[in-house]
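A.B. asks: First to last, the protein sequences are chains A and B.
Each step along the first sequence adds one to the number in the working numbering, with nothing skipped, and position 39 is 39.
Each step along the second sequence adds one to the number in the working numbering, with nothing skipped, and position 160 is 160.
A hint or two may mislead.
In silico SDA-like pairs for lysine to any residue, Cα to Cα no more than 20 Å straight-line [what the hints assert, rightly or not]: (1) A/Lys51 x A/Ala77; (2) A/Lys443 x A/Arg349; (3) A/Lys382 x B/Tyr203; (4) A/Lys382 x B/Val206.
These aren't lab readings, by the way, just hints derived from the structure by calculation.
The primary structure of each chain is shown beneath.
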Amino acid sequence: MPTPALSFEVRHAEKSYGGVRALIDAHLDLKGGEVHGLIGENGAGKSTLIKLLAGLETPDRLSLRLNGAAIDLPDSAAAYGMGFRFIHQELSIVPALSVAENLFINNPLPRLAGVFVDWKALHRRAREALQRLGIGHIDPQRRASGLSAGDAMLVKIASAFIGEEDGDEPLIMIMDEPTASLNSAEVALLFAVIDRLRSRGYALLYVTHRLDELYRIAQRVTVMRDGRVISTHAIAETNSSELIRQMTGRAVAGRSGEPGPAPRAGQARLNVRSLQTDAVAQANFELRAGEIMGIAGLVGSGRSELLYALFGIDPLLGGAIELDGQGLTALSPAQAWELGIAYVPEERRSQGLVLGDRVSQNITMPHLDRLSVLRCFVNDSKAKALSGQLGASVALKIAGLSQRVRQLSGGNQQKILFARAILAQPRLILLDEPTRGVDVGAKFDIYRLIRELAGQGASILMVSSEMDELLALCNRILIMRNGRTAEVVPAAELSENQLLERCYDLG
Amino acid sequence: MTANADTAVVRRRLVVTAVLRRYGTLIGFLLIVGFFWTQRPQTFMTIPNWVNITRQMSILGVVAFTMTIVMVTGDFDLSVGAMASLVGIVAGTTFQNGGSIAEAVALSLLVGAAGGAFNGLLVATIGISAFVATLGALTVFRGLALYISGGVSIYGRVIPSEFSSFGRGAIPLGRIGETDLALPNLTIIAFICLILVFIILNYTIVGRRLYAIGGNQEAARFGGIRINRLRLLSFVISGLGAAVAGLMLFSRLSTAHPTQGEGLMLQAIAAVFLGMTLSEESQPNVIGTLIGVLILGVLANGLTQMQIDTYIQQISTGVIIILAVTLSSLSQRQFRFRLLRRPRRQPPEVNA
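Go ahead and model the full structure; you've got the sequences and the hints to work with.
C.D. replies: Written out as structure tokens, the structure is:
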């Protein structure tokens, strides 16, 4: 290669969000002709680092060197101009436009007489761009809405090179979990493209949760944890268990509490057989009365979607759900509440609360029939009294029951959803990331509540990405992989690393 | 010293803008009333004139009050005016075919409920946007009215005299000073409708759930509210309201013309918007809608008394609606930004 290899150095990357240090003195080296893996648990600081490089966030401190010269990335246009290209997990492709138009979305379209679109030139240049990446099977005149997820990702990658006249100037390409929604054939095609770019001298940063992918394409890997860079290795010198140990930071499982008492040899509460929905390929498991069962798995493994099926949000395509021996068919959320199934959703602001409504209104929302006069009028005093009692039992910190929920902290908003669930006197409680975005104090209040509810005989099914939380709270853990319930393991037999390994299917 | 004075001025201005945002529409209403009072001191602020205003706005009131229910869930119904026209034609045709008043009223209400259910099915069950669905329904209803009537008005002897006298009738209340006072029948109907909608929205489970749907539809669904059923119900109520208004209009004019209700839709939606500016969370609320209807009614009445051209009336009504909604939708931040720009100095640059 005539030009010297590309080199890019990141030093002293620091960023805090309102007192929380998201990135602490992080460093990274990218080289032309190399794929560099970046791994870490949720909240390790990977996304923050990428946002700084994309010019989307202002760093507290950061020094960058590109081919030895100090550079600055004040905004995304500057990053683009310096040759940085970003492929995000969520595709920003415009379905109504053609593939060719999507390719040129960041660049002016070829013109005729300065005004009209030169469609011929557009399609020719688009076809050339696709062929350069070895993805000539995609027709540039086709509408983007008809593309598969994999082809859409490849189009997005191709669009990053449109500005370059012949596409041979090496760039720095940063990919954030590009395979999250791709099938294995599409992944293979993507990896072929990545290989081609690497051999042309590109520097690639590849962020992923899937370790096996790193062994297929990466030459080096950097592990992040709690905002810091823990290590950088040549990929050949390391192995999966070692990487997982560095990601979690614990050689032995550290526990944030003792597991709850084993459930009384209670009868089966919930029995799920061959359950199938759009997003869940196959689910089989049994839950006993008073049991806390965790659901672990990677992002996209169908954890939340399993709860959607049990709460009647996603329609069943097959299989059966039995609650205390009663078969549930054609379930809706309204029916689920009536049957004593309570749900605390993952996105509390968009799926849980009516932010402009008052505390008591949000707590009693599913239960108005029971708090009514003649099943018609709202019994406001009873609703307020019950909300007050429940608010106290979940340790809610509010100015008053008439306060608008919008004004409350994340932890208090989450407690409102717990109060709502408790008011249902539930037999089954479905929790999706119950402590996400919640401060430490509220977190322990919520752990206490979960244990109390189980102690009172409610069965709890809980999705969480926090392994220590699952191990500390649950009796058994259901592991999901690729939309299937893969295995059920007693929590006491697992360390955090073993659990993560099972999620990755390395156990 | 100067800085303190500046802050005090700014704070005072902020209070003023907050009051304007929250109560601007109400203050505007009082200003309009005051203006006409000074312009027409002899006639405007008299009891007979106000009784007259309530009768003039009763029909719009019924449509706007029931429209409030639909708008609480975040939808709206463009077909109400066409429905009111259609109902007039349905009732008139019933009379032409020898039907009784009871039969005509029953059939009209049935048509109103069915039309509303049609809208509700399109919007809630099939999932078409309310704009497209009710715009389509508007055209269908108007076409039906024209088709059934053959494009001509129904009036004259076929209409039972009890029916047409109802719209002009009133319940005598006695004498105040030198004037006889009577409560118009149409005012009474609008008042009953107002009370019903007020109770539904503020005291029933259904009302609470409608507000929850309007606040966050997905959270309402996950919170066990059967949203499709309730959205459908709200369209049925709005269809019924349009039917009642159509009958009131027919009775008052003693004439059923296939397009006579068309002006109601825009005015009703405007009244609800005016009312929303009076709510803390900018939600539709029926008392606010009442104020909105009063503003429109008083404007029409006062401008007519001042013998101002009806075209100018339309312009001024439109301007007032835009003003009210603009004032209340300017966010607090925009105000603060504008007000603080002058007195405050730029903070020192932070080193990156």
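A.B. asks: Hint by hint, say whether it matches the structure.
C.D. replies: Each hint tested on the structure:
A C-alpha spacing of about 13 Å is found between A/Lys51 and A/Ala77, which places the hinted pair at or below 20 Å, so the restraint holds. A threshold of 20 Å between alpha carbons decides the hint, and for A/Lys443 with A/Arg349 the separation of about 18 Å falls inside it, so the pair holds. With a C-alpha separation of about 14 Å, the suggested pairing of A/Lys382 with B/Tyr203 holds against the 20 Å cut-off. Only pairs whose Cα atoms come within 20 Å are accepted, and A/Lys382 paired with B/Val206 is accepted, the gap being roughly 17 Å.
The structure meets every hint from the earlier list without exception.
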